[in-house]
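Student: Chain residues, written in single-letter form:
2 protein chains.
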Amino acid sequence: MKLSSAAPGSVLDRFVAVIPAGGVGTRLWPLSRAAAPKFLHDLTGSGSTLIRATYDRLAPLANGRFLVVTGLAHEAAVCRQIPELDPSDVVLESEPKDSGAAIGLAAAILHRRSPDIIMGSFAADQVISPDDVFQAAVREAVYTAASGERGKIVTIGIEPTHPSTGFGYIRGGEALDVEGAPSARAVAEFVEKPNREVAEKYLASGEYLWNAGMFVAPVKLMLEHLAANQPVLYEGLTEIAAAWDTPDRDEVTARVWPTLPKIAIDYAVAEPAAAAGDVAVVPGAFRWDDVGDFAAIGRLNSAREEDAVTVLGEGARVFTEDASGIVVSDTKRVIALIGIEDVVIVDTPDALLVTTKEHAQKVKNAVAGLKASGDTDVL
Amino acid sequence: MKLSSAAPGSVLDRFVAVIPAGGVGTRLWPLSRAAAPKFLHDLTGSGSTLIRATYDRLAPLANGRFLVVTGLAHEAAVCRQIPELDPSDVVLESEPKDSGAAIGLAAAILHRRSPDIIMGSFAADQVISPDDVFQAAVREAVYTAASGERGKIVTIGIEPTHPSTGFGYIRGGEALDVEGAPSARAVAEFVEKPNREVAEKYLASGEYLWNAGMFVAPVKLMLEHLAANQPVLYEGLTEIAAAWDTPDRDEVTARVWPTLPKIAIDYAVAEPAAAAGDVAVVPGAFRWDDVGDFAAIGRLNSAREEDAVTVLGEGARVFTEDASGIVVSDTKRVIALIGIEDVVIVDTPDALLVTTKEHAQKVKNAVAGLKASGDTDVL
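Going line by line, the protein sequences match chains A and B. Take this note's numbering: the last position of the first sequence gets the number 394, and nothing is skipped along the way. Take this note's numbering: the last position of the second sequence gets the number 394, and nothing is skipped along the way.
The set of hints was computed from the structure by calculation and includes no laboratory data. One should not assume that every hint holds.
Claimed, not checked - Each pair of labels, with its calculated beta carbon distance range: (1) B/Ala387 <-> A/Ala383: 36 to 44 Å; (2) A/Asp392 <-> B/Glu90: 38 to 46 Å; (3) A/Asn78 <-> B/Glu356: 31 to 39 Å; (4) B/Ser61 <-> A/Pro364: 55 to 63 Å; (5) B/Gly221 <-> A/Asp392: 53 to 61 Å; (6) B/Asn380 <-> A/Ala383: 35 to 43 Å; (7) A/Ala290 <-> B/Glu329: 52 to 60 Å; (8) B/Arg302 <-> A/Lys379: 53 to 61 Å; (9) A/Arg314 <-> B/Asn380: 24 to 32 Å; (10) B/Ser388 <-> A/Lys379: 33 to 41 Å; (11) B/Lys216 <-> A/Gly181: 30 to 38 Å; (12) B/Asp71 <-> A/Gly181: 57 to 65 Å; (13) B/Glu90 <-> A/Ser109: 57 to 65 Å; (14) B/Asp265 <-> A/Pro364: 39 to 47 Å.
Note that this is a predicted model, so its numbers are computed, not measured. Even for Gly, the Cβ is constructed at its ideal location relative to N, Cα and C.
Construct the entire structure; sequences and hints are all you get.
Tutor: Dropping the structure here:
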């Protein structure tokens, strides 16, 4: 059933942008860390932190209707980045509980405020361009989310540009006939990260999109699936949401939040909903990067080149001889690289990473190792 | 002609230890640098700086008779290291003039003070053990230096332990018959740094010793050869030495020192003297290291091992995974090495070097490059 009575404009008025700002960005350690996570960095040299850029990209659609979900420790930094936020626009987690609880709580709070809200969830630490192509896709997603009797949970799938083995994929199904959303399709299935061979088949088929974790959905439909699949989580979030805009918020949250199960929103809602036929996808033809490693930082920046070395960081003074790779500097130190290939160096005031492009994904192990050895001051 | 009237003891009373403390140790940048040269570092983990260890090693022979030649900039640091020094025991160079001027001035000043002095010149930045073997060799060198009518310029040659291509060699000639110096021999020739093949032949022959730049000689004989081979240098040094222990020192030095030619003592004195038959050699069976690169620092220290990584520096917190090499840390930063082989990392508060063992000798190029780019604050 098509969107009927409501004009497209009024559907967009139901849209609230939710920005989960949670991940530490361990793969970018020591640049990104618990005290200064990825979303609080300007990783593209644009002059904006990733969270600010996320806000600005959504602002024309949300028209001031935002909900940022972040850790207690980041409240001040997030509010400095987005002074436009009212206190009621920020949801603080006293401890991290994975995306199921974070996004589920956003859905539950918004549902209490207005059950007709269509939420769109967009992580705070992704890089997207151009904005207008992204915004057009979100608009289609909002129309699709509002379509039919119950609406849809609408993912925005990224049109793949290479056979990535680092992302999950979404296989599109039949086209949906949604007014204002000509490219919306059903989701045939979500698939896990493929190996190289499979990824190449996906790319060649033209049927697969990258799962970027972006979705737009009526909060009511979100909560229905959450209740059906994760009743404990749902009950807890509902109890917190009921108290959220009352004087009882702190008491209830302190009591209930720590007891909630940790589960990703994909497993708690998206995949069961897809199996139930409630998930659609809108392809996005914009450039998208989750800045998953230092190679991504090299790609995304108009870095200066010192011979074959990409240098990021305005203060860095780099001398190179027979060297190649990338230097990310958060200091003003002199860095001399001599006779070393494909190196990745990340220099911060209290921690230094030296690895290679090939091994950069293992940075997570360093963080785990340092945690185990008690060197938590730099994590 | 043998040492005749004077007993061995009285010959040793003529001995003055000269310690040229000049080189920056560029190959150890950024640990060693102009403001904190090699000789002011404890590079062996012994608890003593190299210059202090040099002083202590010579003290039983010199019995308080020292002359340290160093740069104006290092006066305070040298005197902190060796509080035993009187002001008259320190010769300050207003600008570096190579070893010919530095050691020549020491000879000229000592000659003014007493023409019978036998000087022994020992660089401030070498590592030697055990002390008693070294001291026995120096004693033999002093006896040899005092032998005959004019005396000898006596080098102490190091018995080679491997076919080094990084040092010059001394080929020993016929044995000399010197009382108190049974191992003294004539010098057949000085030879330049050989290639590997030649170095192996030298080692196998048993006739060659490493030229460590150590020598013991009557100041009178030193100055005779200097006068014959470098008359301009000789005249200048003589003029400065005549004023040295007078109120005219500053005026004369300021006028003359800058005009002196830059030449190594080897070319100014040792080689011409050898050609004239005035040079002898005493073999030294002690362990000797000029700490020429970071690999040497690895060898000389009881470093701790993190997997295959040698870690120097008490404050360093190092995490390694699939890494090998050496980390020299002058900071308390966390350093994570992942998937990188044979790396050399030198971490100081204002400069970082990342290279490989194979390329470590090219560090000089980095220093030259940074000088050219104006980054002299870290040199």
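Student: Within 30 to 38 Å or not, the Cβ separation of lysine 216 of chain B and glycine 181 of chain A?
Tutor: violated, 57 Å
Student: Between asparagine 380 of chain B and alanine 383 of chain A, does the beta-carbon spacing fit 35 to 43 Å?
Tutor: holds, 38 Å
Student: Is 24 to 32 Å right for how far apart the beta carbons of arginine 314 of chain A and asparagine 380 of chain B are?
Tutor: holds, 30 Å
Student: Within 39 to 47 Å or not, the Cβ separation of aspartate 265 of chain B and proline 364 of chain A?
Tutor: holds, 44 Å
Student: Given a hinted range of 52 to 60 Å, is it respected by the beta-carbon distance of alanine 290 of chain A and glutamate 329 of chain B?
Tutor: holds, 59 Å
Student: Honestly, do glycine 221 of chain B and aspartate 392 of chain A meet the 53 to 61 Å range at C-beta?
Tutor: holds, 57 Å
Student: Verify the CB-CB distance for serine 388 of chain B and lysine 379 of chain A against the hinted window 33 to 41 Å.
Tutor: Taking Cβ atoms as reference, serine 388 of chain B and lysine 379 of chain A lie about 36 Å apart, which means the hint holds.
Student: Range hint 55 to 63 Å: satisfied by the CB atoms of serine 61 of chain B and proline 364 of chain A?
Tutor: violated, 31 Å
Student: So does aspartate 71 of chain B sit 57 to 65 Å from glycine 181 of chain A, Cβ to Cβ?
Tutor: Holds, at about 60 Å.
Student: Is the gap between the beta carbons of arginine 302 of chain B and lysine 379 of chain A within 53 to 61 Å?
Tutor: The hinted range 53 to 61 Å is violated for arginine 302 of chain B and lysine 379 of chain A, with Cβ atoms some 44 Å apart.
Student: With 57 to 65 Å as the target window, see if glutamate 90 of chain B and serine 109 of chain A comply at their CB atoms.
Tutor: holds, 60 Å
Student: For the hint 31 to 39 Å, verify it against the beta carbon of asparagine 78 of chain A and that of glutamate 356 of chain B.
Tutor: Hint violated: Cβ distance 55 Å, outside 31 to 39 Å.
Figure legend: structure checked against the earlier numbered hints; hints not met, in rising order: 3, 4, 8, 11.
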